[in-house]
Amino acid sequence: MNWDTWLPLLIVLSSLLVALVIFVLPEDRSKTRTTLNLGGAALKIVLVGIMVWGVFNGHHYETRLPLLPGLDLVLRADALSMLFVALSAGLWMLTTVYAVGYLEDSPHRSRFFGFFSLCVTATVGVALAGNLITFLLFYELLTLATYPLIVHRGTEAARKAGRTYLIYTLAGGALLLLATIWLYTLTGTLEFTARGFLSTLDSSHHPVLVIIFVLLITGLGVKAAIFPLHGWLPQAMVAPAPVSALLHAVAVVKAGAFGIIRVVYDVFGIEFSASLGVTLPLAIVAAVTIIYASMRALFQDDLKRRLAFSTVSQVSYIILGIAIVGPMATIGGMVHLVHQGVMKITLFFCAGNLAETLGIHKISEMNGVGRRMPWTMAAFTIGAFGMIGAPPLAGFISKWYLGLGALEAGQDWVIFVLAGSSLLNAGYFLPILYVSWFKEPAGSWPAERCFGRYETALALLAPPVITAILALTLGLLASAPFSPLEWARFITTLEYAP
Amino acid sequence: MNDVLLLDFLMTLLLLFVPGLPLLLAFPALHSRLPWFRYLALLPAVIAVAIPEAHSVELPWLLFGSELGIENSSRLLLAMSVFLWFWVMVLLPAARDRSEGRPEDKYSTVFFLLAMTGNFGAILAMDLVAFFVFSTLLGYSFYGLLVSGRKNKARRAGRVYLVLLILADLLLFEVLLITVLTTENLEFAAVHQSMAQSDSLTLYLALVVFAFAARAGIWPLHFWLPLAYRSTRPAVALLLGIPVVIGLLGIVRWLPLGEISSPELGLIIFGSGLVAMLFAIFAGLKMAQLKMLPAYAAILVTGLFFTAVGAGLADPVIWSHYGRFAYVFIASLGSGLAVLVFAISWLQVRRDYPARSAGYADDSNQWVERWSGLVVVWAGNTGFDTLPRWRVWWLAKMRHLWLLIRIWQRQMGVYERSLQRWGLAITLFLLLAITITFVMASAGLSSSI
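Protein chains in written order, with the working numbering: chain A, 1 to 498; chain B, 1001 to 1449.
Since the hints were derived computationally from the structure, they do not count as laboratory data. As the structure is a computational prediction, the values presented were derived from the model and not from experiment. Where hints are given, some of them may not hold.
If you anchor each label on the Cβ, the simulated ranges turn out as follows [claimed, not checked]:
#1 B:P1060 to A:P431: 22 to 32 Å
#2 B:L1010 to A:A480: 41 to 51 Å
#3 A:E486 to B:P1028: 28 to 38 Å
#4 A:S203 to B:S1056: 35 to 45 Å
#5 A:S444 to B:L1203: 28 to 38 Å
#6 A:T193 to B:P1028: 52 to 62 Å
Which stretches of chain B does chain A cover? Using the computed rule of at least three CB atoms under 8 Å from a CB of chain A, they are [to be verified]:
#7 1070 to 1083
#8 1160 to 1174
#9 1178 to 1186
#10 1241 to 1249
Residues from chain B shown here face chain A by an in silico Cβ test under 10 Å; the list is partial [unchecked claim]:
#11 P1028
#12 V1129
#13 F1132
#14 R1155
#15 F1325
#16 V1328
#17 F1329
#18 A1331
#19 S1335
Heads up, the beta-carbon is just placed ideally off N, CA and C, and yes, glycines get one too.
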């Protein structure tokens, strides 16, 4: 084995080993735990950076370990996986810093950070999976690693949310397993292949392939929170803010959306999917999810629930971009994978800050909070405007390419979906900004805590400020080398090259 | 050669700083530490106006690749904008204070600088995306300026403005998508050429006109303008011409005027411009408050502008004749609205001042009389003549004069309202005369062609 075969495995191990060590650390060794967490996150960023550079320059990184007869555990780096790995590695570092600040003095931190690291291990495994069986293994590991984080607080609501999450995701996983086995019996391979590996099958198999496609998308759609499989996500909001950030921006919903991209591009192939007639229904489901979830978000007073419905809506942009079929829409969908992550994690960090510092959980309690926490609310404002798609923020770039892709593919109806979604986004984000900045505070805050020099603890304040700056930079410098947009263009060039 | 390169570099830097410096200074951490930061924010724009050099800078790393530039028309608009922002700073004490105490003032400062960034950037933008980005920044910042006054009426004006702004943004976004499908080059000149031959031309024209009409408050999308003028603070009222100006500038920059002919759409726009002028006159005559006059003047003049755009769309030759005056017209509108707001504020201050000053004078008079009386009594008791005869005579005369002034002031107060009505009637009459002259001149020009 050489460096090129070790590197994918090292990236997975950089958080897995950290997780294993943290599990056995005594509760009071907080400095060691923090050092391990941050050290692992920093190491992962360095390794991912090396890998991104290598993939851009045509290096082939692959780890292949025997798993079952005829089936290997494959970790492989390609342009698409790099987009997701880079997002996970970058945001894991910030989420770890945030979680350290957030959970200071709370019990069961070793358990929390152990599963936290395991969660990121599973996410990176999902991203680097080179075949469907490896994908499935890490996908299920993600389910199991996230459950303890959702129920971490141990309240009745947390346990209920955890049960719901487990029922939804295990059912989805079962469908995914069924479809994977069915596919293997049909083809004898599960290797992800550029432009898919099913187009060579006899046309008599096409009806079966449609059923397998539906099973795969349904299984993945649970984590991607496609309507009507999204029910677990708003309930999971009882989890601590770093977990919400992880669920919504880095790991779970992204793993579902990423899985759908893999299935459409590297299992079926985009052209073959279109010829099977499955992309238009997928686009319609995504469009319904976008509008439905936005409308549900309008009527939520609980800030995190509103953000949860916003996630349901925004993640479907990725699926819509894929299902439109065309290079421009693909760029839009791919780049939104990163952009949504950065913007949404900003919003969840801010929601966590409001809850931790002032005890604010509801929008009706947010009157004048911009005066008390200007940095947090400035970051929230940038995240919210990004979600609306206001220029020059990251969300504008995503919507630009999605809109262009829709017109290019002759699917003009998508423009109305995008416009309607922008209006609804404005409808549920702008009132929050209005009450925060322009209304008088009602009196004392529900449960105010003082953190000294800054409006809140520095470990809580720095991450949302950094991600907000990132959301602005990703839009403003969209055409800079190695930007997510340029990387999405690179992927699309490979996928649609003649 | 080196001198040329250095000059080029300096001009590039200057162009970047015109919108860049106000944007940087918008950070509270930065501007709260700097004296005269508002004037500092204006400095690059002042220098850019003063240097009679056409220059442009390409920014391939910005968004999808953008370009900023300055030439004669943009210099004129930049000069007008600089004049307005400077005027606001000089005239309003609140704008001069560096450390305002109230949170809404702090927010106003941020919105003030962001709106300045949007205004300058939109003027310098050489392509559709840059214009869209800067004008959107201007729009949202202006919303902040409108509602940070904390009056219910101002908030209502802000809400109406925000709804129209979002609708306009959505339409302009669609316009951008249509344009990109036609041409990859989004510079104004290239877009004009490509769209002139595009199948989507009519849709493009209609969306652009509708969107910028909403942003500029052109009838029938004018709802926010009277509300804003009625309810907002004087500082913001002085600046209300800026979104109107940028809206009109958008129409001129985005439409391929003089290059295409669209008679049907031209006629509709021309007709709506005429109706807008009539509406402004009738609504203006019925208005309840003098401070709403600039709103109706704006609707009247933007209606006039619409008739010109409509005529230009109907017949490109007409636009090629008088289109070059569009920038002068827009710049004059911006300054004219500010002058009108200032004149009305001054009138109102003058109207209020006598009553207030009379009150102060009465108090001070009584105070003087009381203390001087005490001094006289004390002097009489002690045997000193502290008030020689000539001084007594002078004081009596002064008192008599003061009483006369107060009677005159009260009389002025009684006639103030009727005077205002005359002022309004004269203003509207003059604007109507200009309109009729313009329409007749246009008709004469088109018939001669």
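Outcome of the hint check:
1. B:P1060 to A:P431: 22 to 32 Å: violated, 38 Å
2. B:L1010 to A:A480: 41 to 51 Å: 25 Å Cβ-Cβ, so the 41 to 51 Å window is violated.
3. A:E486 to B:P1028: 28 to 38 Å: For B:P1028 against A:E486, whose Cβ atoms are near 33 Å apart, the range 28 to 38 Å holds.
4. A:S203 to B:S1056: 35 to 45 Å: violated, 57 Å
5. A:S444 to B:L1203: 28 to 38 Å: violated, 54 Å
6. A:T193 to B:P1028: 52 to 62 Å: For B:P1028 against A:T193, whose Cβ atoms are near 54 Å apart, the range 52 to 62 Å holds.
7. 1070 to 1083: violated (count 0)
8. 1160 to 1174: As far as the stretch 1160 to 1174 of chain B goes, the hint holds, because 6 residues have Cβ atoms under 8 Å from chain A.
9. 1178 to 1186: holds (count 3)
10. 1241 to 1249: Our answer is that it is violated, as 0 residues pass the Cβ test (under 8 Å) against chain A, missing three.
11. P1028: Given a least distance of 8 Å, the restraint on B:P1028 holds.
12. V1129: holds, 8 Å
13. F1132: Because about 6 Å separates B:F1132 from the closest Cβ in chain A, which is inside the 10 Å limit, the hint holds.
14. R1155: holds, 7 Å
15. F1325: violated, 31 Å
16. V1328: The hint is violated - B:V1328 has no Cβ within 10 Å of chain A, the shortest such distance being about 30 Å.
17. F1329: Hint on B:F1329: violated, closest Cβ of chain A at ~28 Å, above 10 Å.
18. A1331: For B:A1331, the interface hint is violated, since the closest Cβ of chain A sits about 26 Å away, which is over 10 Å.
19. S1335: violated, 29 Å
When the structure is compared with the earlier hints, violations turn up for hints 1, 2, 4, 5, 7, 10, 15, 16, 17, 18, 19 and for no others.
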